[in-house]
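Here are the chains, one letter per residue:
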Amino acid sequence: MSIAAKANALWEYANPRKFLATSERVLPFFWVTSAVCLVVGLIWGFFFTPDDYKQGSTVKIIYLHVPAALMAINCWLMMLATSLVWLVRRHHVSALAARAAAPIGIVMTLIALATGAIWGQPMWGTWWAWDPRLTSFLILFLFYLGYVALWEAIEDSDTAADLTSVLCLVGSVFALLSRYAVNFWNQGLHQGASVMRAAAVTGTDTEEKVSNIYFYPLLLCIVGFVLLFIALVFYRTGTEIRARRIKALLARERVSG
Amino acid sequence: MIALLLRDLKLAFRAGGGFGLGLAFFLIVTVLVPFSVGPQSSLLSTIAPGVLWLGALLACLLSLDRLLALDWEDGSLDLLATAPLPLESVVTIKALAHWLTTGLPLVLAAPFLGVLLNLPTPGFSWLVISLLLGTPAMSVIGTFGAALTVGLKRGGLLLSLLVLPLYVPTLIFGAEVARRGATGMETQTPLLMLAGITAATVALLPFASAAVLRINLR
Amino acid sequence: MIPDLGKYSDTVLSAYGASILLLIALVVFSILRGRKVRAEMEKVEQRMSRHG
Numbered sequence: 194m195s196i197a198a199k200a201n202a203l204w205e206y207a208n209p210r211k212f213l214a215t216s217e218r219v220l221p222f223f224w225v226t227s228a229v230c231l232v233v234g235l236i237w238g239f240f241f242t243p244d245d246y247k248q249g250s251t252v253k254i255i256y257l258h259v260p261a262a263l264m265a266i267n268c269w270l271m272m273l274a275t276s277l278v279w280l281v282r283r284h285h286v287s288a289l290a291a292r293a294a295a296p297i298g299i300v301m302t303l304i305a306l307a308t309g310a311i312w313g314q315p316m317w318g319t320w321w322a323w324d325p326r327l328t329s330f331l332i333l334f335l336f337y338l339g340y341v342a343l344w345e346a347i348e349d350s351d352t353a354a355d356l357t358s359v360l361c362l363v364g365s366v367f368a369l370l371s372r373y374a375v376n377f378w379n380q381g382l383h384q385g386a387s388v389m390r391a392a393a394v395t396g397t398d399t400e401e402k403v404s405n406i407y408f409y410p411l412l413l414c415i416v417g418f419v420l421l422f423i424a425l426v427f428y429r430t431g432t433e434i435r436a437r438r439i440k441a442l443l444a445r446e447r448v449s450g
Numbered sequence: 399m400i401a402l403l404l405r406d407l408k409l410a411f412r413a414g415g416g417f418g419l420g421l422a423f424f425l426i427v428t429v430l431v432p433f434s435v436g437p438q439s440s441l442l443s444t445i446a447p448g449v450l451w452l453g454a455l456l457a458c459l460l461s462l463d464r465l466l467a468l469d470w471e472d473g474s475l476d477l478l479a480t481a482p483l484p485l486e487s488v489v490t491i492k493a494l495a496h497w498l499t500t501g502l503p504l505v506l507a508a509p510f511l512g513v514l515l516n517l518p519t520p521g522f523s524w525l526v527i528s529l530l531l532g533t534p535a536m537s538v539i540g541t542f543g544a545a546l547t548v549g550l551k552r553g554g555l556l557l558s559l560l561v562l563p564l565y566v567p568t569l570i571f572g573a574e575v576a577r578r579g580a581t582g583m584e585t586q587t588p589l590l591m592l593a594g595i596t597a598a599t600v601a602l603l604p605f606a607s608a609a610v611l612r613i614n615l616r
Numbered sequence: 047m048i049p050d051l052g053k054y055s056d057t058v059l060s061a062y063g064a065s066i067l068l069l070i071a072l073v074v075f076s077i078l079r080g081r082k083v084r085a086e087m088e089k090v091e092q093r094m095s096r097h098g
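Line by line, the protein sequences give chains A, B and C.
The first sequence: position 236 = 429 (this note's numbering), numbered continuously.
The second sequence: position 51 = 449 (this note's numbering), numbered continuously.
The third sequence: position 31 = 77 (this note's numbering), numbered continuously.
Check each hint, because a few of them may be wrong.
Said to hold, decoys possible - Covered stretches of chain B (in silico footprint by chain A; criterion: 3 or more residues with CB under 8 Å from a CB of chain A, positions within the stretch not fixed): (1) 436–447; (2) 521–528; (3) 604–610.
What the hints assert, rightly or not - Calculated pairs, DSSO-like style, for lysine-lysine (alpha carbon to alpha carbon, straight line, at most 27 Å): (4) A:K211 to C:K53; (5) C:K89 to A:K211; (6) A:K440 to A:K247.
As the list claims (entries may be wrong) - To be clear about the criterion: a stretch of chain C counts as covered by chain A if any three or more of its residues have a C-beta under 8 Å from a C-beta of chain A, and this derived list gives those stretches: (7) 53–61; (8) 69–77; (9) 82–91.
These aren't lab readings, by the way, just hints derived from the structure by calculation.
Beta carbons: idealized from backbone N, C-alpha and C, even for Gly.
Hey, can you work out the whole structure from these sequences and the hints?
Here is the structure:
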């Protein structure tokens, strides 16, 4: 290898190396703070908040449903951002971070769907209702699956990074489009006030204002989920970086015989 | 460009080109529906617009993997990429060929299948209009999916997983037009949305498809 | 200990149970895979440094 090529190869690892080093330092902080926030927030919300007038004790589900739903969306947005960075700047860590984040998004979406469906059962009388919000999350789940499946299917990691990044971009546009389509699709049914009163309780609907009693534990849970997401992304990206390094080393080994 | 289009059309019509498979699938699915939901004509009338849209969508999906795979295998895709024609035009022609050989026949067959499902009379024209507007989008979106999976063996299943969520907006608005038309309601809004989606995808998605093909041809 | 959840206790408990299970599974699997990959990388690096 020429000097220039060696330098390039070094640079390739320098960024991931720095990332790994930074990751080692900050991970403990994120693990601990996320655990604390989650435990305190959930205990506070579960044990120390009152039942809702209309929904009874099921209102306690918001402490899991809302943060999970928020993270499901934010995870995809993060993947979108890192995909763009990869396409423009070719930082491998960025592409690997997107790959690492996807399964987190899948779990968040699953939690949102499961809690949404379980919550809906006593409220609507069925295990599943094609409520616009739940339906949108179901579609998001499918987008996540496709993204992960594409990563798994492509051999060459740079090609996989490129293809999945384009998919993430195009998918984002269609996911947004689907959101509007689904809202249009289900507006015909009378939804009234029965739809996802989580929004009403947390104040994301403009009609009802948030009640402090629920707000602070919920905020703590949201913060906990965000911190957990960050911790997991750092950790999992580290794993991806190492996996990629193994692949590169093995390839080098094969070449040098 | 015309030459490429004619070539693709000829290939599709040749024996083994798969022409008619989509149509046959559309027919089969339509016939199977009454067996699964029961023969009451009132029920069939209600679900006919949606079922026909779904059948057309799935039939479109079927022929997608051969769209680019054949050219990939025999190396013609590499040649096309180096040809003076921009890759964006190539993928658009491919999508157009797909629409002419798969989408358009489905549109023409739909009214006949509508009879089988007791489609209400006002629904026929709206079904055809909505499919006419929606199938080009499905061809273009399908081409994007085909480009993503072109190098893969057994890419077919992955292709479906990638493409079907992308079809959701078109399906929602297209089926809505067909449904509203069948019950005599006003179809303006979904029709405009459907047309908008098709126009935007036809204009913009080929750029993404071409980029993806370039990546895969590297 | 558990507050009176009334008639919704099954609902709330299963929602909490499912979610917490999913979160724990995510963390556990992430860490297990991370450890495995890290160990293998160190193994390969050692092998390469010996032969290199």
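Evaluated hints:
1. 436–447: Contact hint for the segment 436–447 of chain B vs chain A: violated, 0 residues under 8 Å.
2. 521–528: Answer violated; 0 residues pass the 8 Å Cβ test.
3. 604–610: holds (count 3)
4. A:K211 to C:K53: Not satisfied, since the Cα-Cα distance of roughly 54 Å exceeds 27 Å.
5. C:K89 to A:K211: holds (21 Å)
6. A:K440 to A:K247: Measuring from Cα to Cα gives roughly 56 Å; hence the hint is violated.
7. 53–61: holds (count 7)
8. 69–77: Contact hint for the segment 69–77 of chain C vs chain A: holds, 6 residues under 8 Å.
9. 82–91: holds (count 6)
In terms of the numbered hints stated before, the structure departs from hints 1, 2, 4 and 6, listed from lowest to highest.
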